[in-house]
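Novice: The residues making up each chain are set out below.
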Amino acid sequence: MPDMIGQEGNCRLYRKRAGHKTDSDAYSPAAATLNIISEGIENMPKKILIIDDEPDIRDYISAVLEDNGFEASATDGNEAAGRTTGQYRPDLIILDIMMPKRSGLSIYRELRTTPELKPIPVILISGLTRAGDFTEDEFAELIKDDNIPRPDAFIEKPVDIKVLLDTVHQLLG
Amino acid sequence: MTVPHNLDDWIKEDLFRIVPMAIAVIDKSFDVVFANRAFEDMFGAWQGQKCYAVYKKRDSLCPDCRGAEIFKDGKPRVTEEIGCDKAGRLNHYIQHTTPVRDTTGDISFLVEMTTDITEIVQIRKEHQLLFDQVPCNILVIDRNYRIVKTNRQLRQAMGDLEGKHCYTSLKGFDHQCDRCTARQTFGDGKTHSGYHTWTAADGNRMHQQVITEPLMAADGSFDTVMEMTVDITEIKKLESEKLEAERLAAVGKTVAGLAHGIKNLITGLEGGMYMLGSGISKNKVDRVEKGLDMLGRNINRVSMFVKEFLNFSKGRTINAELTNPAKIAEEVVDLYAARAKELGIVLNHRSSGSIEPALIDYESMHECLTNLVGNAIDACRMSDSPGQCHVRVKTLEENGIIIYEVVDDGCGMDYEVKQKAFTTFFTTKGLGGSGIGLLMTKKIVQEHGGIIEMISEPDLGSTFRVLLPRDRLPKSGAVEAETE
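Heads up: the sequence lines are chains A and B, in that order. Number 136 in this note's numbering belongs to position 136 of the first sequence; there are no gaps in the numbering. Convert by adding 1000 to the 1-based position in the second sequence; the result is the number in this note's numbering.
Check the hints yourself; a few may be wrong.
The calculated lysine to aspartate or glutamate pairs, modelled on DMTMM-like cross-linking and capped at a C-alpha distance of 20 Å, are [claimed, not checked]:
#1 B:K1282 / A:D67
#2 B:K1284 / A:E66
#3 B:K1171 / B:D1160
#4 B:K1282 / A:E66
#5 A:K162 / B:E1270
#6 B:K1164 / B:D1202
#7 B:K1263 / A:E156
#8 B:K1284 / A:D67
#9 B:K1284 / A:E71
#10 B:K1282 / A:E71
#11 B:K1394 / B:E1453
#12 B:K1028 / B:E1069
#13 B:K1263 / A:E54
#14 B:K1242 / B:D1471
#15 B:K1057 / B:E1040
#16 B:K1263 / A:D76
#17 B:K1263 / A:D160
#18 B:K1056 / B:D1041
Please keep in mind that the hints were generated in silico from the structure rather than gathered at the bench. Since the structure is predicted, the reported quantities are computational estimates derived from the model, not experimental observations.
Work out the full structure: start from the sequences and follow the hints.
Specialist: So, in structure tokens, the structure goes:
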């Protein structure tokens, strides 16, 4: 790729780099358009769904994520995960374990057994369990199904925002 | 048998010979001048012999000869003697000795009537051995509650108590005990049991499991009661240590459970600060307002949490008084009746049989049941159809254990949540509560020496059971509870 030397809106100016094989490829409108589209897709904010029964936590984490370039949506988990995420296909889910009515573990189980939702990375958060509870055996015991994989990350409350953001960045690349 | 014409001859010849009691006539020289068949069977040949030679195989007068005393003072006597039978074996006998006076009034003969009690003495010895060797305390009490006999174990533990009132020497009271087990036996002649605490001379308290039995004569009458006790002081000590171990385990779980509640509060406060700060820096008024709301709300929650926690952890006085257990449950159900009706939840209470009053701290147990019934109603409220839910409260007693049961069929919580909530005693009340209710419930049950169980199945409701063994309830009156 030639070096970009300027940008205005979605218009970018490139300078030919010495030794580039085909000058014309670097400057073709199609290539430029494709570059713009792919970079645009790449630069669309990632969508993160927060599932927690505490409204203060939902608002807090949503605000932090939005301030860091993510698009956040939140729910208290009373709707089935499939229905919720079906309307809003997130790139990552932050899920609280201990909630009244429907527990986070039950929602997690549904996420991991629904084919279209399975690839979505999940961060589990809770104030109750320790990270040590999430060894392979203990998680299996908790989830009662050896076929359910571990969550992608586990964060203990009170949530350290820096840790949360670092984890989100790692999982979303 | 017909009495012959010559009565004197008959008495001498026949009656004298056939009575089943050894009879001998002794003169002033201590010669046996006459003896009957029974005497001969018991002591052997007597003709031409001194009484001391026949009875005791001695060749001189016995140092404490009763016969000599009677010849002097003329008073009949009954004595217990040890002699030798005709085979030379030691035997024990009771001897009735009566003086016979001649016409001048002098005592010329003694009539000695002897009954062999060797077997009785042997049995008496065996009983005494048993009495002293059994590994329990035995005392015999008369109807004035005076101790007439004690066994060796009791003497070793409490000293010589014979002649003293049992309530004074065993408990230091100046009046009869309120729940005297011996009095129950004196009243109906039946066996009774009970639990008592004695105070030894060194001030040590000795816990006794007591059984009282009437010592009946052949006609069914009795004037004394035998009290047998087993020292259960060590067992009580183990029970107390077990309770303490349970309390410490509860403390550990309490701390873990409380930590969860605090974490949510911290997150709420941090969130409020973030919203406020970022709202100001980004000029987002709605975020500033939200942040202020969060701060205000969570500060209130902290305040409520701290107050409830202090209330939970401060030294409480358990005031155990005789209380009708079912009455407490009835009042809690009445308290929630209107709320349940408003939600369409069917709430009722049932008490099985008549339950004797028990030593319970009324206010604490009321709070405990309020938490459980409140949680059950919440579980129903969070169900998809609260109007089809039931909360059933039951008070019963089984094998000396008072049981409170709170059953709901609300599917308000996932099975895993219920399990975790119960083992760590936190609740997911969200903004509605401090989460400390179950912790307090557990503490109250523990202070009453009881245990609390939860029975639950996936997709079904829950049953909470509070089990209060009567023998582990607190003692009456105000007692300082342990602080955590």
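Novice: Run every hint past the structure and note whether it holds.
Specialist: Tested hints:
no.: 1; hint: B:K1282 / A:D67; verdict: holds (9 Å)
no.: 2; hint: B:K1284 / A:E66; verdict: holds (13 Å)
no.: 3; hint: B:K1171 / B:D1160; verdict: holds (15 Å)
no.: 4; hint: B:K1282 / A:E66; verdict: holds (12 Å)
no.: 5; hint: A:K162 / B:E1270; verdict: holds (13 Å)
no.: 6; hint: B:K1164 / B:D1202; verdict: holds (18 Å)
no.: 7; hint: B:K1263 / A:E156; verdict: holds (9 Å)
no.: 8; hint: B:K1284 / A:D67; verdict: holds (12 Å)
no.: 9; hint: B:K1284 / A:E71; verdict: holds (17 Å)
no.: 10; hint: B:K1282 / A:E71; verdict: holds (17 Å)
no.: 11; hint: B:K1394 / B:E1453; verdict: holds (14 Å)
no.: 12; hint: B:K1028 / B:E1069; verdict: holds (11 Å)
no.: 13; hint: B:K1263 / A:E54; verdict: holds (12 Å)
no.: 14; hint: B:K1242 / B:D1471; verdict: holds (14 Å)
no.: 15; hint: B:K1057 / B:E1040; verdict: holds (14 Å)
no.: 16; hint: B:K1263 / A:D76; verdict: holds (18 Å)
no.: 17; hint: B:K1263 / A:D160; verdict: holds (11 Å)
no.: 18; hint: B:K1056 / B:D1041; verdict: holds (15 Å)
Of the hints listed earlier, there is not a single one the structure fails to meet.
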